[in-house]
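Number of protein chains: 2
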Amino acid sequence: MKKDYAVVGKSVRKLDAMEKALGTATYTTDIRLPGMLYGKVLRSPHPHAKIVKIDTHKAEALPGVMAVATHLNTSKVKFNTSATSTFTIPPLQPVEDQYIFDSVVRYVGDEVAAVAAVSKSVAEAALKLIEVEYQLLPAVYDPIEGMQKGAPEIHHCEVGKNIPGEKIHIEMGDVEKGFAEADYVFEHTFKLPVQKQAQLETQAAVAQVAVDGKVTVWSTTQTPHPTRRILATIFSLPYSKVRVLNPPYIGGGFGVRIGLSAKAEPIALALAMLAKKPVKVVYDRKEDFTSSDTRHSGYITVKTGVKKDGIFTSRKISATLNTGAYCSWGAELPGVLGAMGLSLYYCPNQMYDGHSVYTNITPAGAMRGFGSPQAIYAVESQMDIIADELGFDPIEIRRKNIMRPGKDWVLPYPCLSSGLEECMDRGAAEIDWQRRGKPTQQHSTKRRGIGMAAGTHVSNSWPFCVDYSNAYVTVQQDGSIHLASGVPDMGTGTITTLSQMAAEVMGVALDQVGITIADTESTPFEIGSHASRTCYASGTAVVAAAEDAKKQILEDAAKTLNTSPEDLYIADGIVYSLSNAELNIPLSKVAVEAHLRGKQFIGVGRIIPKNAPPYLAHFAKVEVDIETGKVTVLKMVAAHDVGKAINPVIVEGQLEGGLAMGLGYAISEEIKFDGKGTPLNDGFHKYMLPTAVDIPELKAIIVEANDPSGPFGAKGVGETGLIATAAAISNAVYDALGIRFFEIPLTEERVYKALKERK
Amino acid sequence: MKKDYAVVGKSVRKLDAMEKALGTATYTTDIRLPGMLYGKVLRSPHPHAKIVKIDTHKAEALPGVMAVATHLNTSKVKFNTSATSTFTIPPLQPVEDQYIFDSVVRYVGDEVAAVAAVSKSVAEAALKLIEVEYQLLPAVYDPIEGMQKGAPEIHHCEVGKNIPGEKIHIEMGDVEKGFAEADYVFEHTFKLPVQKQAQLETQAAVAQVAVDGKVTVWSTTQTPHPTRRILATIFSLPYSKVRVLNPPYIGGGFGVRIGLSAKAEPIALALAMLAKKPVKVVYDRKEDFTSSDTRHSGYITVKTGVKKDGIFTSRKISATLNTGAYCSWGAELPGVLGAMGLSLYYCPNQMYDGHSVYTNITPAGAMRGFGSPQAIYAVESQMDIIADELGFDPIEIRRKNIMRPGKDWVLPYPCLSSGLEECMDRGAAEIDWQRRGKPTQQHSTKRRGIGMAAGTHVSNSWPFCVDYSNAYVTVQQDGSIHLASGVPDMGTGTITTLSQMAAEVMGVALDQVGITIADTESTPFEIGSHASRTCYASGTAVVAAAEDAKKQILEDAAKTLNTSPEDLYIADGIVYSLSNAELNIPLSKVAVEAHLRGKQFIGVGRIIPKNAPPYLAHFAKVEVDIETGKVTVLKMVAAHDVGKAINPVIVEGQLEGGLAMGLGYAISEEIKFDGKGTPLNDGFHKYMLPTAVDIPELKAIIVEANDPSGPFGAKGVGETGLIATAAAISNAVYDALGIRFFEIPLTEERVYKALKERK
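Going down the list, the sequences are from chains G and X.
Be aware that the first sequence starts at 1, since it is given in our numbering, and climbs by one per residue.
Be aware that the second sequence starts at 1001, since it is given in our numbering, and climbs by one per residue.
It should be emphasised that the hints constitute simulated quantities derived from the structure, not laboratory data.
Keep in mind that the hints are not guaranteed to be accurate.
[What the hints assert, rightly or not] From the structure, some residues in chain X lie toward chain G, with a derived Cβ separation under 7 angstroms:
id: 1; residue: Leu1022
id: 2; residue: Val1466
id: 3; residue: Ile1481
Even for Gly, the Cβ is constructed at its ideal location relative to N, Cα and C.
Modelling step: build the complete structure from the supplied sequences, incorporating the hints.
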């Protein structure tokens, strides 16, 4: 049931493409204000310690130093950098476990103090003059160890030792009964690494305090409205006196700045208030690595009961995640991990138990996929094992079990569409699936294999979190359209996609749409860009606002033309009559005539979006060097049910970017810590992000199942690109070597060791 | 019927006071962008000439010059700097008589070319390298001469020689019959000078063109939305691709930048497009004098028929105004002049004929009062003559004739309130009126006198012009309020006054209100700050938006509290129940609970405001030195019916500022031109603006007649402060000397000459 659209579904050039190609796009780091100072942060060299004494006199005396901030002269309001206070729905309580600066440091890189000075170098020099006396405390780095009775207490927790928030429990049917009914029961535990978002632009903020106390913060946040709220809370200001905006671009996000950009905003603002000057804080890459959220590492156990015919009877998943020194999304993410792990397949009896544990490493938080890559890696690795053990083709056993619309699942919203079968079929054709299981080149030192994995995710955070969007669409006096949405564009094509939707609804050309985004002062509340929701949820609000404006136009024109609104529609910038072509009138004329009567068409979209499952099947072709253990991925295919691609090239870009990120998760990316909590991979020379030369042939296949809940049928696509990549590659490595890995990344070292052990 | 208000009616400190006192407030001239160039303008040395040849090669070759703009490489779209295309209501047609640069120059100071360069000095040096060959054309400077058959044609006009737009004719009753019924008929002609707005900040704009063609213009305009529209038209852009904003402050306006800030915006934008860099254009004071609108000069004749008892039977006013080389508001202003001149008093038979005439001097346009100061000077000077001739006290004869609510008049809206009688009575008491007509100090060379004059004006430009306002009021999750209005704050207290109104309606403290103004991207359409309309009309939209938001709050709270919205009201940030105090709940709680349910309260105000007559009585006590002719004003009293003073100190400030401007109009301010059209007073050393030491004792008296059409009863007060000042002072000089002047300003020279002639 495809409709013919004029603008939607077209791969128009991204509206920001020229600016970015020519280097004129403005980012937070580009902001320069008169009298602006530079802020730098002193960070803890210890994984856990009490600050017994801190002496800033020498730093303050250094010429050019305008302010020094410590736990002694800054806000005593506790917060969570991820602004969970905005997202959390009672009766759950947001975990708020940190101050801007505290008298205890809990990880190597934790904030001790900050300096604002006339230059970065003066600020850095001043940091060295701050004298801190620490009393070292015992530390713990592994989540299993961290939750033991005897472990050092990092934060006091009600639920259990070092367990933030509530433990997540999900249940449907009777798992014990289900396992009893099974012919086979599989149980495996998988270990997940610390991955880094590694977005191009590091965390940054510029804070300005007007003499009347009004605050403006330019920020790299993905969520200006929630960030405004958290800053107002920390500094005890009315929300209406705080303006947070992107400037307007962000160099990537990947979840690392839902809420605050680490602590760039509150540190810049605290310094600006102390110095009475604007202050810019830009994390360097090392700070971004050591002191900014990562992906949760940890352990996931999957237990599955299966009948001989391959049908699931019961499934139980449990997860223990390492949330590091502060909670960020540590209380919420285990829930999404469990829900996604359980919802890919239909199974009448399901259970999940999961939680995070505090340890003395860099805090983990949101990262693209938000628990799904972890869950899907575990579930889809085990699926491969089950297929192998029961003698099924991996696609065929999945086809038997996949969730289908109308069936029950653990999620609190219905599954209304699924293109997963089409994804599997088209992906299989593209990867040359029939070659799987057929050993190649046994005479050489290279082994090739093919693997696949399916996956799912969300299109939104509703109803798990507070999640809503508002938007304005105003019609200008020439019939052109202005769209205002508080959602950012992290480079994902937001401004283009939303503009396309507005143009489509309003029946105007894309070049007639202007857009304002990501500014709390110019837009109504909008939760922001996260959870793959921008196109799906913010888009729904934009459509609603445009529909509201269009309704006003048609009613106004109908009155003028002496017909009914139902007789009219807008296309190509013209209001057409269905009944009488002589009534046709340019939108510009309707707009200017309304203006002459003192009227502007102002549409307001107010939306609590729903949710919808995107589906995906990833395929990988790999070659493993059995002498070195090196895994080379030769080709990756990602077939995704995106509901409807508003802009196919942008969707492909999202999928390809996700594939690359998943490739790193699978074979190279990991932050390790030494025995004293110091991260060993704190820069691009030590952290093995795939580069352009590492990227194999990529093939993105767009499947459109048209979900009825999404704008034009769209579902979320921002995160899905990486969700099944690690499992697909791991399964392909199994196909090549016959070795099953229960841990990623599949580094040369790890694969070489496994090959050696097998011998 | 005074209501008790919590915030309205209180003289709270202006919200921008601290910023302005400390010098941190940002104005257009403060805008600095990376790579920004400086634009300077080459201006005509001739009053009327054809540009036969213009050679810019040498200028372009000067190092640092990035663009040179002339009539040869810029827009060929005609416009009117006052954006009348946005304001004019059909069947009237806006007069559009100029280009950015033309091949004909029509006054000394007219734009010939402009240069964008890396510095102001390079740009100025380049101007000297532009070679222009002029063919001189005959010129005319007086409007009476300009409309004669043989006068040089400055623009081709349909209505009559050099007469822009339509002639204005207003008629009520039968004036000839009225004059026939009169016992006395008075007819006098008055001559008005060229006054300059002399706002502190000169005309300025910064234009930036993004690589995708989107335009941003920071501007000193009083009307960002109309200015956006005129720029989009000149440069053939969709309106939605042009952003116009104040930054956010303006150093005064007084009408001089309704629409464009002279040509600062289009010149900056034309240069930015040519140079592909941001360009700043700031007029120097001389340019501001020579090439930026002035107050219309000209001739006004008033003919009045009066019965023996002092009652008017007929009145006829005619005006011929000098609009200079381009029309600006020259087609519209004669209408307001006539309407205001006829509407102060009730008279059954009235007629007005008026129009402007093009001449080869600096264009005249809108200036505070917009025709009323001219009309009231003439009408109220004659009123003094009539009173004198018929032997009435000036106040008593006015009392007999003043317009009263319910009576017919020439205006297309009803008179619903008048506090004029109270103004006259309270002003008379303050000035010691009974001392009038009693010669003092006859033994010295000083003569003292007392005079008064009444006046009226508008609160808005509706229904004469397109005039409407929209506003957003959003409720934040802590119950604080954000207000967005497209109207500027020219220093008049807009942000404070509008915030007070929003706070009052919403029942919150003033410090809970944040405000965004004067940005086309952050606000819905709003006609802007002119015609004394900001508080009255923009305020009405703000009130409507706040009422809309409040309605949503009360409905939401009523549902939660299981009561009716009518049972609830908001005060002190608390939603109170009339029936049950236990239901009382903080607004912050209502807001955050709505947030948790995915709802923000978003109010939209959409208003076509009405109009209402402010009334005023001015009194002056003067001392004239009969040896030198020097007029010293000792005291001025301004009693104004402002409807309702939203912020009394701001209202007093408006009145006092107006008094000072009226004082200049009365005794010192005038731009004269030499025989060749060159202005002789083109700077503050040559143009005699009253300074702090010239200002006498001022007494502003606030009278509140509470107009039912205004927000909280308010009427316009932005322009009224100067309207009757010149007449009051001229009448006081008559009281002192017995000499009647038919021309202002009453400079030493003019008064000395009159004293000498009398001898």
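Consistency of the hints with the structure:
no.	hint	result
1	Leu1022	holds, 5 angstroms
2	Val1466	holds, 6 angstroms
3	Ile1481	holds, 6 angstroms
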